[in-house]
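Visitor: Generate the whole structure from the sequences, applying the supplied hints.
Read off the chains here:
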Amino acid sequence: MTLFVELVKGGLAGLQDYLLAHALTCLVPAFFIAGAVYALFPKEKILQYLGPNSPKYISYPMSAVAGLCLAVCSCTVLPLFAGIRRSGAGLGPAIAFLYIAPATNILAVIYTGKLIGLDFALARIILSISFAFVIGISMQALFSDKAKEAVLDPTPNSAFAMNRDERTSNWLWVFFALLIAILPWGASSLITTTVKAIGLGLLLTALVIVIRKTLSRDKFMSWMRETWFFVRTIFPLLLVGVFVAGVLKVVIPEDFVSRYFGASTITATLTAVLFGVFMYFPTLVEVPMARMFLDVGMGKGPLLAYLLADPVISLPSILVVRRLIGTKRIFWYMGIIIVCCTLAGLIYGFAFGI
Amino acid sequence: MNIKILGPGCVRCHELERITREVVKELSIDATIEEVKDISKIIAYRILSTPGLVVNEQLVCSGRVPTKAEVTQFIINAFG
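Line by line, the protein sequences are chains Y and E.
Each residue of the first sequence is one higher than the one before, counting from 1 in my numbering.
Each residue of the second sequence is one higher than the one before, counting from 355 in my numbering.
Derived by calculation from the structure, the hints in this document are not laboratory data.
Only a predicted model underlies this, so the values are computations on that prediction, with no experimental measurement involved.
It cannot be assumed that every hint is accurate.
Said to hold, decoys possible - A few chain Y residues facing chain E, derived, Cβ under 8 Å:
#	residue
1	L47
2	P79
3	V320
4	L324
Claimed, not checked - Straight line, CA to CA, 27 Å or less: simulated DSSO-like cross-link-like pairs of lysine-lysine:
#	chain 1	residue 1	chain 2	residue 2
5	Y	K43	Y	K56
6	E	K391	Y	K328
7	Y	K56	Y	K328
8	Y	K196	Y	K213
9	Y	K45	E	K395
10	E	K391	Y	K43
11	E	K422	Y	K219
12	E	K422	E	K379
13	Y	K219	Y	K45
14	E	K395	Y	K43
15	E	K395	Y	K328
16	E	K391	E	K422
17	Y	K196	Y	K43
18	Y	K45	Y	K56
19	Y	K43	Y	K219
20	Y	K43	E	K379
21	E	K395	E	K422
22	E	K391	E	K379
23	Y	K213	Y	K45
Unchecked claim - Now the in silico label distances, taken between C-beta atoms and shown as ranges:
#	chain 1	residue 1	chain 2	residue 2	range
24	E	L413	Y	F256	51 to 57 Å
25	E	R372	Y	F275	33 to 39 Å
26	Y	F256	E	K422	49 to 55 Å
27	E	K379	Y	L20	40 to 46 Å
28	E	K422	Y	F275	23 to 29 Å
Cβ coordinates follow ideal geometry from the N, Cα and C atoms, glycine included.
Guide: Written out as structure tokens, the structure is:
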């Protein structure tokens, strides 16, 4: 009986520490940002740069922009990947996009920044993009068969050509800049509360003015709907996940974790990566899980490796991608991801001394 | 009337399917609603982002979940 009580207390503590205490104040704006990006960001404008006629120095950075801005859940990434491939995008940039999109999921990055640390969040973004380029370029070099690359779509760039006439107002970029600026301003601990409040007031007023200038009522409602959609699909699972993380924190013996995973050894890092590969957590849940591992003694190196690997590979998405790019390429894809994530963990642990 | 919902089975696609079924029921029309989950079949419709709504083989909406009013309008348009 007492065990059950302990577990429940652990779960509730998890809710408190991993969600309610600080993270909620950053998750709320994060959902609005995710909703805005999904509803308002001009997808086709970015994706047209991934087409077959784009030079490499444009298509790869654009694949990073697309990955950062375009998808939050893996269910949207896979059709997008299939679509851009079919419309002629090079294997390299398409693969880079496939990797970056779930790895730099806006919500997860913001949550990581708050719950684990800004350094981790930045490492997650920078390393994910670097690996994505490595993976994309290597796959294009190794597997891209010029003959097979024939565009299946008889009218090339058709998917890219859709909506190209829609002009994107410059005010839209101002809108995004303001919306995103609110987050670090509100979350920062470097500014005094009065300055923060005044600043927030100014930012919000500016935001409202820009909204009235750029967003039609339809677009505004679309934004609100998408935001609510993200909240309603992600938040309940997050609550459960956080509770489970809290329970696990009570259950997992600390000495076991620190002994085998405390230092950045190759075995520890590799195991962490494999755990991330084979273990599936719903969107965002990998973050409080990571925090919990940290709390029970996992080293930062293996933890980063896990955090880099988990969102990108899950058995269902691998199976779907396999149908699109073939078994041979999939093995390389998985292999190189495992190697890169392990390396990243080792380097991070080495550089930061744990 | 033939209606297809394009999507690999994520939450948005279910939402679109639910709304479509409601509209079809309310309009009392004779329509078959089909879910297309196979990726290669989905992209055959030149869609960039799921979910997608196809009415009589015409892609009418993609990349978001349309409101019930919009779905009603799409279906009514298909009669014209």
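Visitor: Is 33 to 39 Å right for how far apart the beta carbons of R372/E and F275/Y are?
Guide: holds (36 Å)
Visitor: For a C-alpha distance cap of 27 Å, please report whether K422/E and K219/Y respect it.
Guide: With Cα atoms ~16 Å apart, K422/E and K219/Y stay inside 27 Å; holds.
Visitor: Taking 40 to 46 Å as the stated bounds, is the beta-carbon spacing between K379/E and L20/Y within them?
Guide: holds (42 Å)
Visitor: Is K391/E close enough to K43/Y, meaning Cα to Cα at most 27 Å?
Guide: Distance of about 22 Å is within 27 Å: holds.
Visitor: Given the hint that K196/Y pairs with K43/Y, does the C-alpha gap stay at or below 27 Å?
Guide: Given pair K196/Y, K43/Y is violated - Cα atoms ~34 Å apart, limit 27 Å.
Visitor: Hinted pair, alpha-carbon criterion (27 Å max): K196/Y, K213/Y. Please report holds or violated.
Guide: Roughly 26 Å between the alpha carbons, so the hint for K196/Y and K213/Y holds.
Visitor: Verify the CB-CB distance for F256/Y and K422/E against the hinted window 49 to 55 Å.
Guide: Holds: the Cβ-Cβ distance is about 53 Å, inside 49 to 55 Å.
Visitor: Tell me if the straight-line CA distance from K395/E to K43/Y falls inside 27 Å.
Guide: holds (22 Å)
Visitor: Would the pair K395/E and K328/Y pass a check requiring their Cα atoms to be no farther apart than 27 Å?
Guide: Given that 27 Å is the threshold and the Cα spacing comes to 23 Å, the pair holds.
Visitor: A closest beta-carbon separation below 8 Å is what the hint needs, so does V320/Y meet it against chain E?
Guide: Holds: closest Cβ of chain E sits about 6 Å from V320/Y, inside 8 Å.
Visitor: Take the shortest C-beta to C-beta distance between L324/Y and chain E; is it under 8 Å?
Guide: Constraint on L324/Y satisfied, holds at 6 Å.
Visitor: Would the hint linking K422/E and K379/E be met if the CA-CA limit is 27 Å?
Guide: Satisfied, since the Cα-Cα distance of roughly 12 Å is no more than 27 Å.
In terms of the numbered hints stated before, the structure departs from hints 17, 20, 28, listed from lowest to highest.
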